[in-house]
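A.B. asks: The residues making up each chain are set out below.
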Amino acid sequence: MAYVSVKGGEKAIENAHQWLAEERRGDPTVEEVAVAQIREQLSLAVDRVMAEGSCYDRDLAALAVKQAGGDLPEAIFLVRAYRTTLPRFGGSEPVDTERMNVRRRISAAFKDIPGGQVLGPTFDYTHRLLDFRLAADGAAPPEPAPLANEPQAWPMPTIGSVFAHEDLLEHDVRSGDDAPFDLTREPMSFPAGRDQRLQALARGDEGFLLSLAYSSQRGWGSTHPLCGEIRLGEVAVEFIPEELGFPIEIGEVTLTECQMLSGFAGSAQKAPQFTRGYGLAFGHSERKAMSMAIVDRALRRGEVGEDVDAPVQDEEFVLYHSDNVEASGFVQHLKLPHYVDFQADLQLVRRLRREHFERLNPSKEAAE
Amino acid sequence: MQQTAWVEKRFVSDTGLEITASEGRREWMAVLAKAEASEVSAAWERLEKPTYTLLRSPEPGLVLVRGRMGGLGDPFNLGEMTVTRSAVRLATGETGLSYVAGRNRRHAEIAAVLDAMLQSEAHHDQVRAEVIAPLEIAQAARRNLAARKAAATRVDFFTLVRDREPSK
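Protein chains in written order, with our numbering: chain W, 19 to 386; chain Z, 99 to 266.
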């Protein structure tokens with residue numbers, strides 16, 4: 019049965035929202051958190067909201083985190099709703115991640131990768147012990163991070179460029195720069211192209227993609243991935259305004275990129291080599307980019323002749339369920355009044371029960 | 099940056115704006131877009147302001163950011179970013195344009211005026227020296243600082259047990 023809307027309750031709803039605002043603020047004797055503080059000090063929450071909200075704007079995402087009281091999927095929903103109020107000027111030139119100003123770049127597969135293993139600002143190798151010094155009020159800001167005498171060389175070579183001459187790694191296909199599939203303008207369609215899949219994964223729920231990637235690692239559609247490269251840093255975005263007709267840089271975005279490598283045994287036509295899964299996300303979103311790369315590779319099963327026998331390889335399953343705004347909306351709409359549905363179900367169950375008891379006691383009825 | 103490259107070509111675009119295309123213009127527009135809004139405002143306050151009219155009031159919108167599949171392959175849509183654009187005409191006739199990341203209308207308007215001034219013989223050298231050059235130095239300094247912090251976190255991992263030495 020379709021959802022039947024209800025009327026009324028305006029006053030109660032208004033009061034509930036006022037209480038929500040009070041709850042969001044918390045104890046008024048505790049200082050209010052500023053949007054700038056969220057932007058600067060909860061920057062990884064801001065990054066997640068930008069990535070899954072599919073809109074790069076640190077201030078906007080920080081405001082959404084504040085308004086949502088720290089509920090990130092709710093903040094993502096707010097950002098998605100806001101973006102619909104803005105006109106779109108067009109699509110950018112594809113960003114060139116090789117020219118990234120790298121703050122972090124590691125390869126877990128290739129120890130001696132040119133450019134080196136650059137840890138950057140990372141939780142890796144921390145002990146995950148709570149630091150109670152952060153709970154102390156009025157602590158001085160931490161010492162600035164140490165500086166090397168020489169800056170990291172730019173540009174940082176990619177894992178692809180390192181092995182390019184040997185053909186050990188699958189090469190990217192460059193067939194043309196036609197406008198790619200756009201999920202925000204076109205409905206999902208299957209079989210999906212890799213452009214459609216990557217867009218869906220880039221805005222997909224981190225938790226869902228993480229679990230899918232984990233399921234793949236545990237053997238449900240395994241791709242035996244190795245982390246070829248992760249890089250984090252700032253990339254310039256170029257756009258061709260219609261008034262100008264030539265590309266200009268309109269700003270910089272922070273991106274996390276992940277290249278996952280998977281062995282490929284080769285075929286009659288193709289020599290064995292490594293295939294690659296690709297992850298790219300706004301902000302410092304490493305767990306997301308890694309999960310995306312594993313899922314991207316698993317979904318490319320058709321290209322390497324793998325069977326579909328696990329959820330992570332099924333593009334309809336993955337793409338239809340990866341968006342947390344849609345998923346959350348459909349699950350959470352169940353808490354809106356469903357009185358008419360329930361009334362119908364109630365009548366049905368009552369009738370079935372009556373028929374059930376009549377079947378059990380046919381003689382009694384006949385005797386009457 | 100070459101100071102001589104700033105007037106190479108003039109033409110009128112489909113939207114009726116007279117456009118100056120040059121490598122120099124690409125560079126200064128990039129510097130203005132990548133600068134902090136506060137830096138642009140501060141530089142603007144120190145300048146003698148020209149008379150101008152708004153051809154397009156600062157307008158926030160979105161640009162769909164594209165990546166490449168695998169890093170170098172065909173494009174895909176990554177997500178959008180907020181961008182504010184503006185267009186102005188100086189009383190002396192030059193038109194300036196801006197597309198600036200974020201939603202700061204003032205940043206976009208000032209960037210458009212500065213773009214127009216940079217195309218004017220009367221203002222070019224001053225804006226170049228007093229606005230663009232310092233902004234560019236600040237941006238290079240920020241990049242350098244991050245690159246030095248990054249270099250300080252470069253490690254050498256030792257593998258303790260190895261099946262075989264890598265072939266050279």
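It should be emphasised that the hints constitute simulated quantities derived from the structure, not laboratory data. Built from N, CA and C at the ideal position, the CB exists for glycine as well. Treat the hints with care, since some could be wrong.
Which bits of chain W does chain Z cover? Going by a derived footprint, with three or more residues having C-beta under 8 Å, they are [said to hold, decoys possible]: (1) 95 to 106; (2) 166 to 177; (3) 356 to 370.
A.B. asks: Which of the numbered hints above does this structure break?
C.D. replies: The structure conflicts with hint 3 only, although it agrees with all the remaining ones.
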